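S.K.: These are the residues of each chain, in order.
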Amino acid sequence: MTDALSRRLDARDWLLADGATGTTLFNMGLGPGDAPELWNVAHPAHVRALHEGPVAAGSDLFLTNSFGGNASRLRLHGAQLRVAELNRAAAEIGRDVADRDGRGVLVAGSMGPTGDIMEPLGSLTAGLAVEMFHEQAEALRDGGADVLWVETISAPEEFRAAAEAARLAGMPWCGTMSFDTAGRTMMGVTSADLVALTDRLAHPPVAFGANCGVGASDLLRTVLGMAAQGAERPIIAKGNAGVPKLVDGSIRYDGTPDLMADYAVLARDCGARIIGGCCGTTPEHLRRMRAALEETSPGARPKLETITARLGALSSAADGTEPDAPRPERRRGRRR
Amino acid sequence: MADQDDDIILAELSDEDLVRQMHDDLYDGLKEEVAEGVNILLARGWQPYDILTEALVAGMTIVGYDFRDGILFVPEVLLAANAMKGGMFILKPLLAETGAPKQGKMVIGTVKGDIHDIGKNLVAMMLEGAGFEVVDIGINNPVENYLAALEREKPDILGMSALLTTTMPYMKTVIDTMVEKGLRDDYIVLVGGAPLNEEFGRAIGADAYCRDAAVAVETAKAFVARKHNQLAAV
Numbered sequence: 000m001t002d003a004l005s006r007r008l009d010a011r012d013w014l015l016a017d018g019a020t021g022t023t024l025f026n027m028g029l030g031p032g033d034a035p036e037l038w039n040v041a042h043p044a045h046v047r048a049l050h051e052g053p054v055a056a057g058s059d060l061f062l063t064n065s066f067g068g069n070a071s072r073l074r075l076h077g078a079q080l081r082v083a084e085l086n087r088a089a090a091e092i093g094r095d096v097a098d099r100d101g102r103g104v105l106v107a108g109s110m111g112p113t114g115d116i117m118e119p120l121g122s123l124t125a126g127l128a129v130e131m132f133h134e135q136a137e138a139l140r141d142g143g144a145d146v147l148w149v150e151t152i153s154a155p156e157e158f159r160a161a162a163e164a165a166r167l168a169g170m171p172w173c174g175t176m177s178f179d180t181a182g183r184t185m186m187g188v189t190s191a192d193l194v195a196l197t198d199r200l201a202h203p204p205v206a207f208g209a210n211c212g213v214g215a216s217d218l219l220r221t222v223l224g225m226a227a228q229g230a231e232r233p234i235i236a237k238g239n240a241g242v243p244k245l246v247d248g249s250i251r252y253d254g255t256p257d258l259m260a261d262y263a264v265l266a267r268d269c270g271a272r273i274i275g276g277c278c279g280t281t282p283e284h285l286r287r288m289r290a291a292l293e294e295t296s297p298g299a300r301p302k303l304e305t306i307t308a309r310l311g312a313l314s315s316a317a318d319g320t321e322p323d324a325p326r327p328e329r330r331r332g333r334r335r
Numbered sequence: 000m001a002d003q004d005d006d007i008i009l010a011e012l013s014d015e016d017l018v019r020q021m022h023d024d025l026y027d028g029l030k031e032e033v034a035e036g037v038n039i040l041l042a043r044g045w046q047p048y049d050i051l052t053e054a055l056v057a058g059m060t061i062v063g064y065d066f067r068d069g070i071l072f073v074p075e076v077l078l079a080a081n082a083m084k085g086g087m088f089i090l091k092p093l094l095a096e097t098g099a100p101k102q103g104k105m106v107i108g109t110v111k112g113d114i115h116d117i118g119k120n121l122v123a124m125m126l127e128g129a130g131f132e133v134v135d136i137g138i139n140n141p142v143e144n145y146l147a148a149l150e151r152e153k154p155d156i157l158g159m160s161a162l163l164t165t166t167m168p169y170m171k172t173v174i175d176t177m178v179e180k181g182l183r184d185d186y187i188v189l190v191g192g193a194p195l196n197e198e199f200g201r202a203i204g205a206d207a208y209c210r211d212a213a214v215a216v217e218t219a220k221a222f223v224a225r226k227h228n229q230l231a232a233v
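Chains as they are written, first to last, in numbering that gives the first Met the number 0: chain F, 0 to 335; chain W, 0 to 233.
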């Protein structure tokens, strides 16, 4: 049971993950609406440059360029039959960049949501979801990924399907959800719900947590919520560098490297052990985050007021973990 | 909660109680009950347009507010929208026959590379409920699809949705192309989606960013009213 990520976590208090993939590739010329995964074969040098940024900035692990690499998402680009090829290429490029560095940087095979709604609300069956994730997981494994990295999930059913796919592929995995709707995922999952969900899985993740979302303060509230459940598994914090703005025709996120450095230190104090960025996080942000984590000692778990004073306001007053939180539930059963 | 097991016979309720019960049934996502309520009101001589606004739209407005306020989430809203469909299925042909007032027309679609249509579907449904004619061009639309739909449908409003960081810039591509072709000012352009914000919406040249379906309805109504006023003033 000693996978490379678990060994690293045993040896270190915290690990620095990477930053943005999509926004970085845009700046290299990826067209709006185009599939980043196609670049693993069409422009491998750009994908390599994407990974070299965080590796040079001191990241201990980075995510492959395979977020939208499942059949359901690739179908939009007529590439649903290229799942194995594109994901394998993604992992191989990552493996090569990591190995050349020589620090033992880990390659995490990114797996994003299918974009479909699962049964009974939608049409995607659990079986088909597992099949799609499994296909992607095997290709990432075969290309040399150390660990699978399931991210930006909002539905518990989809999280479970990804866990099952990782089990079938015989791979360790990490899983994060995006808590972007009043402190919950858009499907209503709270931070506490995710802890409970993770604990019940037959093939639980090595680490779990939150990514993307709507700002650094919100993300750390989610981490605090997970820590408050007494989560024993390492917690992941991968928040966006602020909010997107359009500057001279290209997208910039407004979070400064200093703000992200502050966020990284606070994330560690909140209980996160794998800390990184998401959309808008550049190597410059990562460098400052690494320096801040190395230069400071871990502190006491911060109060929410400390977090908002340093990182900005929350997007919602509550996040569903309050004792008297309203539960989204049917008010009555069938009455007739 | 005490009367949880007591049966409510919809046909025995007064008009006022029935409409209130239909709001509850919409909120609870009970499709068959909503359809039955629509049929009862029709049998009692209600105008289709009045059923639409007082029973269905008013009910969905409550759902919209609770979604906005973080009390309901997507699963509950999808069930409510599905229940609304049960009622709309009956009312739509009748509304067309009776020439119910139209608020305006909207073409709506998710941009190229983006598969997500939850938010878009909710907006389409809520706008339809609010009396707009909505033409839904689906997901993964390249700019050509939007331009063809504008040409064909001549709507008042173009609505675009994107849920991904990698697809939201495509909204700008569509708007830039409209500007190039001299079409931009002919339409109201509304955008929505999780990674967006108001400032971003304005920066890419949209008329407004709508954070959720309830806001989209209010914004669409306000812009269409303003457009009509401008036309009247010319």
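I should point out that these hints are in silico values taken from the structure, not numbers from a laboratory.
Where hints are given, some of them may not hold.
[Unchecked claim] Listed next, the stretches of chain W that the computed footprint assigns to chain F, with coverage defined by at least 3 CB atoms under 8 Å from CB atoms of chain F:
(1) 66–75
(2) 94–108
(3) 143–156
(4) 187–200
Predicted, not measured: the structure shown is a model, and the values here were computed from it.
All C-beta atoms in this analysis are idealised placements derived from N, C-alpha and C, irrespective of residue type, glycine included.
S.K.: Confirm or reject each hint.
M.R.: Hint check:
1. 66–75: It holds: at least three residues are needed, and the region 66–75 of chain W offers 8 whose Cβ sits within less than 8 Å of chain F.
2. 94–108: violated (count 0)
3. 143–156: violated (count 0)
4. 187–200: holds (count 6)
Of the numbered hints stated above, those contradicted by the structure are hints 2 and 3, listed in ascending order.
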